[in-house]
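Undergrad: Okay, here's what each chain looks like letter by letter:
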Amino acid sequence: MSLSVSDEQEELRALVRKFLGDKASSGAVRQSVESSGGYDREGWPQLAGQLGLAALAIPEADGGAGAGPVELGVVLEEMGRALYSGPYFGTVVLAGQALTHVGDETARRRWLPAIAEGTLTATLAVTEDNGRWDVAPETVAEHDRGEWTLRGVKTYVVDGHSADLLLVPARFADGVGLFAVEATASGLTRTELDTLDATRPLAKIELAGTPATRVGDGDASGPLEHVRDLVRAAVAAEQVGGAARCLEMAVGYAKTREQFGRPIGSFQAIKHKCARLHVEIECARSAARFAGSVAGQPGTEAAVAASVARAHCSEVFTHAAKENIQIHGGIGYTWEHDAHLYLRRAKSSELLFGSPREERRRLNRLLEMTGPNR
Amino acid sequence: MSLSVSDEQEELRALVRKFLGDKASSGAVRQSVESSGGYDREGWPQLAGQLGLAALAIPEADGGAGAGPVELGVVLEEMGRALYSGPYFGTVVLAGQALTHVGDETARRRWLPAIAEGTLTATLAVTEDNGRWDVAPETVAEHDRGEWTLRGVKTYVVDGHSADLLLVPARFADGVGLFAVEATASGLTRTELDTLDATRPLAKIELAGTPATRVGDGDASGPLEHVRDLVRAAVAAEQVGGAARCLEMAVGYAKTREQFGRPIGSFQAIKHKCARLHVEIECARSAARFAGSVAGQPGTEAAVAASVARAHCSEVFTHAAKENIQIHGGIGYTWEHDAHLYLRRAKSSELLFGSPREERRRLNRLLEMTGPNR
Amino acid sequence: MTTEPVEAFRARLSEFLTGHGPGPRPRDPDERFAWTRAWQATLFDHGFAGPGWPEAYGGMDLPFAHQVAYQEELARARVPGPVGTGLGIAAPTIIKFGTDEQKRRWLPSMLRGDRVWAQGYSEPGAGSDLPGLRTTARREGPDYVVTGQKVWTSHAARADVFFTLVRTGAVADRQRGISYLIIDAHAPGVEVRPLRDLTGGHVFAEVFFDGVRVPVADRVGEENGGWPLVRTSLGHERAAGAMNQAALYRRVLTELEELLRERGALADPLVADRVAGFEIGVRIMRYNAQRTISDILAHGEPGPASSISRLHITAFEQELHEFAVDALGPAGLLGRNSPGAVQRARWLTGFLRTRASTIGAGTAEIQLNTIAEQVLGLPHEPGMPAAG
Amino acid sequence: MTTEPVEAFRARLSEFLTGHGPGPRPRDPDERFAWTRAWQATLFDHGFAGPGWPEAYGGMDLPFAHQVAYQEELARARVPGPVGTGLGIAAPTIIKFGTDEQKRRWLPSMLRGDRVWAQGYSEPGAGSDLPGLRTTARREGPDYVVTGQKVWTSHAARADVFFTLVRTGAVADRQRGISYLIIDAHAPGVEVRPLRDLTGGHVFAEVFFDGVRVPVADRVGEENGGWPLVRTSLGHERAAGAMNQAALYRRVLTELEELLRERGALADPLVADRVAGFEIGVRIMRYNAQRTISDILAHGEPGPASSISRLHITAFEQELHEFAVDALGPAGLLGRNSPGAVQRARWLTGFLRTRASTIGAGTAEIQLNTIAEQVLGLPHEPGMPAAG
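Residue numbers (the working numbering), protein chains in the order written: chain A, 1 to 374; chain B, 375 to 748; chain C, 749 to 1136; chain D, 1137 to 1524.
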């Protein structure tokens, strides 16, 4: 297996970077941060449709380009650098992969092509009030006269306030199933949350006898676990992008900003901070790439690699974001400077989708280091 | 309560420092390190007797000077600086305080004056094979026809191979008692251990029906817990001395050693390492002093302060010892340089008498942060 | 100085605090500001302001032991601290170096909270490098004409007075060309632009001086002699104040522990271990303050524990707030306007706000340099001005 | 180069290793040294030495993929590595910059382990500041006359040959006045004084040169042109070797986990959390190596992961050994001669030994400088030579 970036992947990266540089510049990100509820409605159709990024990781049979987690990682790394706040993460990373891996023929045909075209936005609503991303749902699915309805509360749902389609894991007699809920369904209340990181909008979803369509059959726990690992790998790539951008900002500032008559980057304290971050970030990059390259094949190796990457990349991104502010000094503490946007994203992506502590605990379970209840 | 050093204490410090500088110089310490089994037999009578340091913390009624834990802390800080390896710690800190706080009249009259004079060496044998310093003993005391005998194994006993008198906590039907065993007793096997830190000799003590004298009456668990807190405060002071000496060595070297045409102490990396250590060490000093100043009064405040000091001072000393080697570079890695002797003492005193992890756990119990089994 | 025994004084103060408490803390920032000022006036009017200040300027001129008791009682009563940084930073300088006329003119209204003082030291081009500052004060008859820009002035938007450092000599003279000048915030040519900090709030600002005329009589100390004044403080009063900070964090930590216990998070041994670490940290904060106080009482000097307190506290508060957010999990990410927000998002706000702890008033790096050079005597870097 | 498919090569090597294993590792250091050398000769005699070396000097000249397989198989078989630092450090320089005559003269006997090579770069006065070295080589007819002192030369006591940096120009020329010289350890005027390291063992030494005559023909590269040679290495071979190190620590960590499980220490959630952290670290070590290999295969260059591996590994090994000692509690303090010593005190020895990880071959601080300047492009300190 190669952990190198191929020429094709490099082209993809350049394409995405250019697009995001033009359309999702800091100003655009700030606009979405300062306004609530909306998202990049202008850029999205172009990014999803013309650039074909929504189709990227969707199987060819379902109208996609059939690329794998590695290519998705390239895109997310760039989105992480740019703090892209459009509905890519919810639609493509969460819902796209859930439909691909859990969905039956009908469900796939019904929604995946629209996702691939960029005409349907969607998300996956995993977390409930306890905040855990990795446990069985409390939300209940009831079956009556051929119709499913859902009852429960999901929260911290990425793009949950704006997505056209919500995919909701819920439990019923036979185990856990995945259910699709249209945005227009009755008994559905969606509340956008005020959170640390406005570039990743989160919502609370209340389901009070909401009609839903079952997606896939049998117990979905296993396939959902695989989807979670795919998401882990994707978030890790995004975190690498964010962390690398923080270091770039810090290094760029340290090269030009002078104090005591010399660039602050010539002081050892600043140099060593930056060099340490570089070491951490390259380690994070190796971990994220490895996780991406094995994520396609469900199983222990993919699960272990995903948790390794998430645990490390989370800590590195948060560390990089904090050091970036520190190196920038007073200016880094202002609202106007972008440094805090990265800190917000870093801490938010550290705690959503499984904290480092939880990932290490899961790693021990996967490696049978400790008993199942540790 | 004052945390300041009084003029009297400052005089005591100067006296001890001068004595240890003359008699327990690095060369003398090394002699005791390289030879096994012995201790500072020449210096000890002078230090204990003429200087009166053995008598310092023993009550006046028992032939001592009646000073408290704070004065004892001043002496131990100096001994920590000098890595003094004579039998002071076992005799005065461990056995002296155990006899003072657990002993009945008879026991006190029998042994304390001799300890105060420096003519009897002694120790307290707490730890058993599990390495825990803070749990009830497995060693059993049996009473038969008015005679007590002990059965069990104690280990990591400071000065255990050389002490004239061993004080041994052991359990029996009514709880835990303290027992005195003469070095010459039958059924007693003492084995000096090869350990990381030769400046603090440890021994394994096997008791196979060894005759013993009971010291004190009633359950000794409570008083022994108080003794443990006095020891914690004393070790913390010793660690502050060791850590401060490491920083002094590092700063001294960094001022004179040149690289790239300037003293290495002018490089920020070295400066900040030293400054960070200074902050940690002054915090450690505050903690050790506070622990000493409340240690005389048994109770929760003394217990909390003792664990706070131990947890922090342990980590600071080990950190200082590691940084001292790092700052010295190649020369710090040699056997001939004293830097490693401090690392050895630091790690050894970190893990004996309760590790930082154990002290934090105890702190949570004392503060009722968590249940009793956490 | 009073001859009242410490415990009598403490009882009298405690009784006053019970009877005259400032009432509940308003949530609206403007109301809160007014509430804080009103409380400061109440203290002043009852003779309970300025524990270490001369009585001539409205202070209490308390012996040191009384000052400690004063701080302890105020911390216990959870009353608000003074508004602006005048009392803590400018007043000691004026008390020590000001003329009698200056003291009479400035101190009482500052102490009563009638006029709010804010600091203007840092500049956009010289955050940590104060000796390189470029705001100039050109002498013109009885006035200085001040032109330049300052940043990072807490409370600038509400300030009536700025205490500043300005360049009266050449830039190349560095700290030997700097004077200490008091500038009326309402004078023509002063413009204050509030800056949002990274939490989204407005606690600091940029201040522009465009040909502002400042009477020479408002200079403290000699012309070009401002630099040594910067480091003045009523060491003793500050030491007693450190107790106040230790009391504050004692309370904050207890509140966090209660929160974690309620949420069941303390059952995680890793959380419990970290909490024990903070228990150690907050106690050491108190021991450091107490040791400084002991050293002052015994030797008249604050001793070594005083120079390290700030680095200990800043690291503590950053780590504590981040730990709180982490321990709350995703709920820790909720802003104050969210349903389910934990304690009005105080921990989240604290996590962001304490980023300033290692930046404002000299970065952590600068403070480490200062300790390395001034306390440990390590050589300074070639080509660098000595620290401090 | 071979045309043998990688898997066929791997099978052949694996069969050889099974059949010709070096036998159990002797405990006595002298015996162990002889055992290591004998194994090196066995490899050589069977055509299994020097995977990346030219065949002309006894090497295998393997394609890169085969080198990776070679390192993997050797790691799996747990055979000893080469003795001395010649193969890893001196050989690449000689292969790249040596004359044909020098290669013929030096390489085969080095590869077979017949002559042990040791490094002589550092000096007492210039540990991290190599460009400041002072051992001089004065030209005298066909010889250099070498006088000076070197330290930190691993295996010096057993060396037959030193590869050194010496000053042939002026001290003020710094790195432009340095030559790369190969010195016979048995020549008159060479004195080796073994130094005990802080573990109490003798793995390094001081070497004194007192007017040692060294033929000019034993200089590699140009006079005063030695400096650029120092940083040569067979990058590709080293990358494959990094795999070997990852495999080593994979094994070490598994052994520690088994030990902790046996002793019940894994039941402590704090211990388990740290162990998970090391699992992450050891995997990242492998990913880094694998990524470097991928980059070489894809682009012919080792890429960014290669420059950071060492800092990751050194931090890992220091933390791992200290953690092991801590997790063992007081039993972790027992030396190998003690009753109850845990696994012959390997963790304790490792705790002490790995203090060198951040000192030897350039301190961690110097490596961070190098990354900051050469990778990140940060400016170097005024008055300092550029890193590297």
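Keep in mind that the hints are not guaranteed to be accurate.
For each label pair, taking beta carbons as the anchor points, the in silico distance ranges come out as [as the list claims (entries may be wrong)]:
#1 B:R506 to C:P802: 34 to 44 Å
#2 B:E622 to D:G1155: 32 to 42 Å
#3 B:E622 to A:L15: 40 to 50 Å
Beyond 10 Å from chain D on every Cβ pair, some chain A residues (computed) [said to hold, decoys possible]:
#4 G27
#5 E117
#6 A136
#7 E282
If you're looking for bench data, these hints aren't it; they were derived computationally from the structure. Where a beta carbon is used, it is the ideal one built from N, C-alpha and C, also for glycine.
Undergrad: Decide, hint by hint, whether the structure agrees.
TA: Verification of the supplied hints:
1. Range check, R506 (chain B) to P802 (chain C): Cβ separation about 59 Å, and the 34 to 44 Å hint is violated.
2. For E622 (chain B) paired with G1155 (chain D), a C-beta distance near 59 Å fails the hint of 32 to 42 Å.
3. At roughly 59 Å, the beta carbons of E622 (chain B) and L15 (chain A) sit outside the given window of 40 to 50 Å.
4. No Cβ of chain D comes within 10 Å of the Cβ of G27 (chain A); the nearest lies about 27 Å off, and the non-interface call holds.
5. Distance to chain D confirms E117 (chain A) as a non-interface residue, since its nearest Cβ pair spans about 33 Å, more than 10 Å.
6. With a least beta-carbon separation of about 22 Å from chain D, A136 (chain A) lies farther than 10 Å from that chain, consistent with its non-interface assignment.
7. For E282 (chain A), the condition that its CB be more than 10 Å from all CB atoms of chain D is violated, with the nearest at approximately 5 Å.
In summary, the structure is inconsistent with hints 1, 2, 3, 7 from the numbered list given earlier, while agreeing with the others.
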